[in-house]
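Trainee: Residue strings, one per chain:
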Amino acid sequence: MIHSLFLINSSGDIFLEKHWKSVVSRSVCDYFFEAQERATEAENVPPVIPTPHHYLLSVYRHKIFFVAVIQTEVPPLFVIEFLHRVVDTFQDYFGVCSEPVIKDNVVVVYEVLEEMLDNGFPLATESNILKELIKPPTILRTVVNTITGSTNVGDQLPTGQLSVVPWRRTGVKYTNNEAYFDVVEEIDAIIDKSGSTITAEIQGVIDACVKLTGMPDLTLSFMNPRLLDDVSFHPCVRFKRWESERILSFIPPDGNFRLLSYHVSAQNLVAIPVYVKHNISFRDSTSLGRFEITVGPKQTMGKTIEGVIVTSQMPKGVLNMSLSPSQGTHTFDPVTKMLSWDVGKINPQKLPSLKGTVSLQAGASRPDENPTINLQFKIQQLAISGLFTPHKPGLFWTLQGSWN
Amino acid sequence: MMLAIKEAASDMSPYVRKTAAHAIPKLYSLDSDQKDQLIEVIEKLLADKTTLVAGSVVMAFEEVCPERIDLIHKNYRKLCNLLIDVEEWGQVVIISMLTRYARTQFLSPTQNESLLEENPEKAFYGSEEDEAKGPGSEEAAAAALPTRKPYVMDPDHRLLLRNTKPLLQSRSAAVVMAVAQLYFHLAPKAEVGVIAKALVRLLRSHSEVQYVVLQNVATMSIKRRGMFEPYLKSFYIRSTDPTQIKILKLEVLTNLANETNIPTVLREFQTYIRSMDKDFVAATIQAIGRCATNIGRVRDTCLNGLVQLLSNRDELVVAESVVVIKKLLQMQPAQHGEIIKHLAKLTDNIQVPMARASILWLIGEYCEHVPRIAPDVLRKMAKSFTAEEDIVKLQVINLAAKLYLTNSKQTKLLTQYVLSLAKYDQNYDIRDRARFTRQLIVPSEQGGALSRHAKKLFLAPKPAPVLESSFKDRDHFQLGSLSHLLNAKATGYQELPDWPEEAPDPSVRNVEVPEWTKCSNREKRKEKEKPFYSDSEGESGPTESADSDPESESESDSKSSSESGSGESSSESDNEDQDEDEEKGRSSESEQSEEEGEKKKMKKRKKVPEGQREGSSSDEGSDSSSSSSESEMTSDTEEEQVEPASWRKKTPPSGKSAPAAKEISLLDLEDFTPPSVQPLSPPTVVSTSLAADLEGLTLTDSPLVPSLLSPVSGAGRQELLHRVAGEGLAVDYTFSRQPFSGDPHMVSVHIHFSNSSDTPIKGLHVGTPKLPAGISIQEFPEIESLSPGESTTAIMGINFCDSTQAANFQLCTQTRQFYVSIQPPVGELMAPVFMSENEFKKEQGKLTGMNEITEKLTLPDASRSDHVVVQKVTATANLGRVPCGTSDEYRFAGRTLTSGSLVLLTLDARPTGAAQLTVNSEKMVIGTMLVKDVVQALTQ
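Protein chains in written order, with the working numbering: chain A, 315 to 718; chain B, 532 to 1471.
Worth double-checking, as some hints may not be accurate.
What the hints assert, rightly or not - So the derived label-pair ranges between C-beta atoms look like this:
| hint | chain 1 | residue 1 | chain 2 | residue 2 | range |
| --- | --- | --- | --- | --- | --- |
| 1 | B | Q1341 | A | S558 | 31 to 37 Å |
| 2 | B | K1020 | A | S324 | 30 to 36 Å |
| 3 | A | G670 | B | Y955 | 57 to 63 Å |
| 4 | B | M1381 | A | K612 | 32 to 38 Å |
| 5 | B | G1431 | A | G610 | 55 to 61 Å |
These are computed hints drawn from the structure, not numbers from a lab.
The structure presented is a predicted model; accordingly, all values stated were derived computationally and were not measured.
For each residue, glycine too, the CB sits at the ideal point set by N, CA and C.
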C-alpha cells in the first residue's frame, strides 16, 4: 500500500522522509515539483500524480505537502484520508502542525509514523491508542528523557487496541467527571450581486470533550432529529441505534473528538443574519476608483455578530488602495491583490464601513468585473438550524458563514 | 518465519492474530514460493470471528491471493455482518473485496432494466421516480422489485447491501466512497440513489477529497443523471475553490444539465465567465458549448451568448469562444453566415493561435457562405504567414487550397504564393503539407487521378464533432480506484468482473455462520449452525439431531458476548436477529397465553376473598419482630388492593351492556393482581433467614399466591435444555412474574427439570455464570438427586439490569456441564404498579418528549374486544391496568425491576380498528422495545 511519505515545505525542500517498505529515492519527488510549478498555486497541485513507476498522492495542509508514494492500485481516498489523519495526529500531539514543530519533534514524529503504518497498511490510527504507545512530548518528559536516555515509547501494549472499542483506553480516571459539547454551525451561502441567495446550506459539527471515568455509555437525543438531513459519525456511534431510534448512543473516546457532523436540509430558506452593501465605481478618465463597503446585521435574534472578517480578491489591475475603516483594521496585499478587513463586532447603531479610493495601474483597462466578497462572522449562542435551543449554561453555539 | 506466523495465527489474543495477518504479505513479498502455505494461514484467519482480525486478513488476502475467491464463500456472511464494527481501514479493503466477490457470485440486478436503458427518456424518468422515493423506502422498492420483473435478489446480495448502507454515514471519506462504489456497481438502479447524499456531503471535506469524489461523481453522473439532479446546487462553484475543483464541478454541472434546469445552469455559467481565473473561464465556455450540443432547445441562446463573448476584452475568452463556436457552427452552418463574417473580422485582433486556426478553418469550410470575405482573409494571412504559429500556417494552407478549388479565379496567385512560402518553412510538417496540397490541386501535365477528386477530398461534408464528457469512457474502471482516477490501468489493478450469466450456486455460502446471520428461515439457520459448532467444539457431533440447537445457540450467545469484551456490542450487532427470534417466541407464546387466559378467568373469580385471607394469614405468621414490619406492609397493600378494586367496581364504564360490564369488572380484578405482588417483595434490608421464611411462605405455606399469579406468567414455557442435548435431562423455564424473594430487583424464573433418562441425575446446580456487566444471578439451591421420570421445579432470580441481554450460565450435574442462557422478553423486566388515573396523567406529563414513543397500528377484528386487548397487553408485558374514564382507552403502568423507572402504556383504540400506542418511559430502550412487542402482539 503506502510505500513512503515525504514532507515538503512551501519552498520545495523535502524536510522529512519515511519509508515503510523499500527505500524510494527522493528523486521521485521531481515529478511532484514539476506539477507544483505548473500549478502556480499550492492548492492547484493535483492530488494524484502518476509517474512511470510510482503514483504520488499528496495533501496540502498547514503549508506543508504530505506526499505519499504508492506503487500499486489503492483507492486514492484511502491514502488521502490517511494523510489527513496523519496531519490530525500531529496536530493532536504537538498542538500545531508546522515545519519547525515537526523538526523539533522529529523523534516522536518517526515513532508515530512507524506505529500508524505497518508495511504500508494502517495499524493504529486512533489518537487515544497512539498516545498510550508513544507519549506526547512535554517539557518535563523531554528533560527526563535527555537525562535518563529513555524514550517516549510506552512499554505496554495499549489495552484499547484489544477491545471492541479501540478508540477508548481502559482505566480512565477523573476526579471531576465532565463532558462538554460544542456545537458549531456554519452557513454556506452564495449570494449574487443583486443580493438574492443562490444557495445557502447549513452545516454543523458537534465537537465533544469528554472526561469521564471508566467506560461510560452515553446517549444523546435531539429535540427534532428530522431536521438532520445528512449526518456522519465518529466510529463510536452506533449506527443501528441511530437508524431505528434517532438517538446517538456511544462510548466516547477519551478527550477531544468530533462526534458528528451534520447537514440541515435547506428546504426552508436560511435567514442570513448579515448583509453587505458594496459600491465600487471607476472613472474612465483617471486611474482612480471609489470603493465602499458597509456591513450590517439582519435577523440576528438579538445576538451580537462578532469576529467579522471581510476579504475580497481585487482585480489584477489594481495597484493600491487607500481606505479608511470606521472600525477595525484593514490590510491590502499589493502582490496577491487581497484586501482583508477585520471588522470585529458589529454595533447595530453605528454600522461599520470601509471607504476609500482604488488606484489602478496606469494604462490598465478598467476591470469589468466586481470582485467577490467573502464574509466570515460568528454569532455565539445561536443555532440557525433550530436543532438546538440553548438551555444549559456552559454550552455555546457558534455560527460561522462565508459567501461571495 | 512461516512457523512463527502459523503459531501466531492460532494465538489466543486477537491482536496477535491481527499482527500475524499483517506479517503474511511481508513474508509473501520476501518469498513468494511459500504462497500455498500462506494461503492456508489466510484461510484459517478468514474464519476468525473478531473484528480486529477481519480487516487485516482481507488485506493479506488481497495482496497474496485475490484470485482465490472460493476462500471467501464460507466467510461471506460473517464478513458482511462484522463489517460495521471493523476499523475504518479494514472496512475499505473488505468492501472493495466484497464488491468483486459479489460481481462474480450474484446476478445483475439491472439485467432486466437494460431494456429500459435503451430508451433514455424512460430510464431517466424511472430514476427520477426512485429518487423521489428516497432512501427510506428502500425496502418498499425492493419489495416492488419482484412484481415488476422476474429477477429476485439473492438474500446474500441483499445482506451485503443492507449491511453496508449505514457505513455511508462514516466519518471516513474512504469508507463512504467504498460504499458508494459498491452501490453503484451492485445495487439495483432504484437503490443507487442513496449514495448521492453521502457523496455530496464529502464535497464539504478537504479539497483533495473533493477532487477524488468529484472525479467519481462525474463518471456516475453520466450514467445515472437522475441520482444527482436534486443536488445540483451543491455543485455550484465557489470563488474560493481551487481551479481543478472548479473544473470538475463544471464537468458535473454540464453532465447534469437537462431541458428543465438548463436556464439556471446557464445563468450560473454566465457569472463564472466573469471570474478572474482564466483557466476556469475557458472551461466554462467549453461547458456552455457542450450544453448547447446536448440540449437542442438552448443551442441558439448559447450561440448568441458566445458571440457576445467575442466582444469581450479578454483575449482568452474570445479565443475559447471561437473554438467552441466553430464546433457549434458545424452542426448547422447554413444559418450562420453572419457569425462567420463577424469571426472573419476578428482575425485582425485575435492572437491566440488556436482561435485563429479555428476561424480560418471555418472560413475555408464555409467559403461559399462568405464568398466576398474569404479571399480577403487569405490575402491578409498570406501577408503575415511567416509570423504565424505552425497550427495557423497549416490552416492557411488549408484555406488557400479550399479557396483555390471553389474560387480559383481570385485566389490562384495568392494560393501559389502561400504554397511557395510554406515550401521553405522551417517546419517539415508544413513543408510536407504544402507539397502534398500543391500536387493535389494544381493540375499538372501528368494529370494525376487524385487531382480530379481534389474537391471531394477537401470539401467533403464533415460530420459535426460530438462534444462529450471526458469521463464518458471511464466507467469500465471500478469507481473509487486509482485507475479510474487516472483513466489508465494502474499496476495491480484488478478488473471488476462482469456479472455472471447464471448465478453460481448460492449454497456455497451456507456453511458456518454463528448467530449473527440474518436468516429468514429459522430452520435453515439451525442446520447451518451445527457444522460450525462441531468444528469449533469438537463435541456436539453432526450425528446429533436438530434438537440440540438450543444448547448450541446459547453457546454462541455466551461466546459472542465474551468476545466482545464489555458485551455491549454483541447485543448491538445482533439486535435484529434477537428481535426476530423474540417475535417467533412471542407468536407461540401468545397462542399459549390465549389458552391461559381462559384459565385465568376461572381462577380470578376467587381472587378477592383469597386476598383477604392472605392478609390475615400473614398477620398470624408474623411472630418475630423483624418480620412484623414486613407483614404490616403486606397487609397494607392488601387494603390498597381491595380498595381500588371496589372503587372500580362502583364505576363501571357507562354505556355498556350488562354482560360486558361484568366481564370488565372481572378483568379489572385480574389486572389488579399484579399490584398486590409488587409490595410483597421484601425490602432489601431483610435478612436472609427471613427471606428464606418468606420464600417458604410464598411457595408452600400460602398456596394462594402462586394460584394468584401463575396464570399471569407472561411467557409460556421455554426450553432451556432439550432432553437429547441434556442427555436425558430436560430443562424448561417460565417467567413466573412473582417477585423474587431474595432481591426485589430480580426477575424470578421458574425452572422445571425433568429426568427422562434411566439413571438418576445428581447434584444439579448452577456453575460459574459468565455474565455481562450488571447482570447478576441468584442461584437455586442444589437439587441433590432427580430420579428417572421425576420432575421438579426450582426458582432462581436474575437481575437483568433492565436490559434484554441474555444471562448465560452453566447447568452442572455431577458428570456434565451444560451451557444455557436465558434471555428475557422486555415485558418481563418490569413489575406492575397501581396508580390512579390522575397519578397516571401526572406521571405521563413528566415523561414526554424523547421519553414518549408512539406507534400507530390497526387492530385486527379478532382483537378488538376489551378483554382480548387487555389480555394481550398483559401477556406481553408485566404491567398493571390503570382505570380509565373513556371506554376505548387502555392504560397500563409498571416499573422496571432494577431501576424502578416508570413504564406507562396507553392504547387509544378507535372502534374502526385504528389505534395508537404510546409508551412513556425514562428507559427509552425499554420503551421502544416494548412498543414493538405490544404492537406485534396486538396485530397478530
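Trainee: Hint by hint, note whether the structure agrees.
Mentor: Each hint, compared with the structure:
For the pair B:Q1341 and A:S558, the beta carbons lie near 33 Å from each other, so the given range of 31 to 37 Å is met. Against the hinted window of 30 to 36 Å, the Cβ-Cβ separation of B:K1020 and A:S324 comes to about 34 Å, which satisfies the hint. A hinted range of 57 to 63 Å holds for the C-beta pair A:G670 and B:Y955, which are about 59 Å apart. Judged by the Cβ atoms, the range 32 to 38 Å given for B:M1381 and A:K612 holds: they are separated by roughly 34 Å.
Evaluation of the 55 to 61 Å hint for B:G1431 and A:G610 yields a pass: the beta carbon distance comes to about 56 Å.
When held up to the earlier numbered hints, the structure conflicts with none and fits them all.
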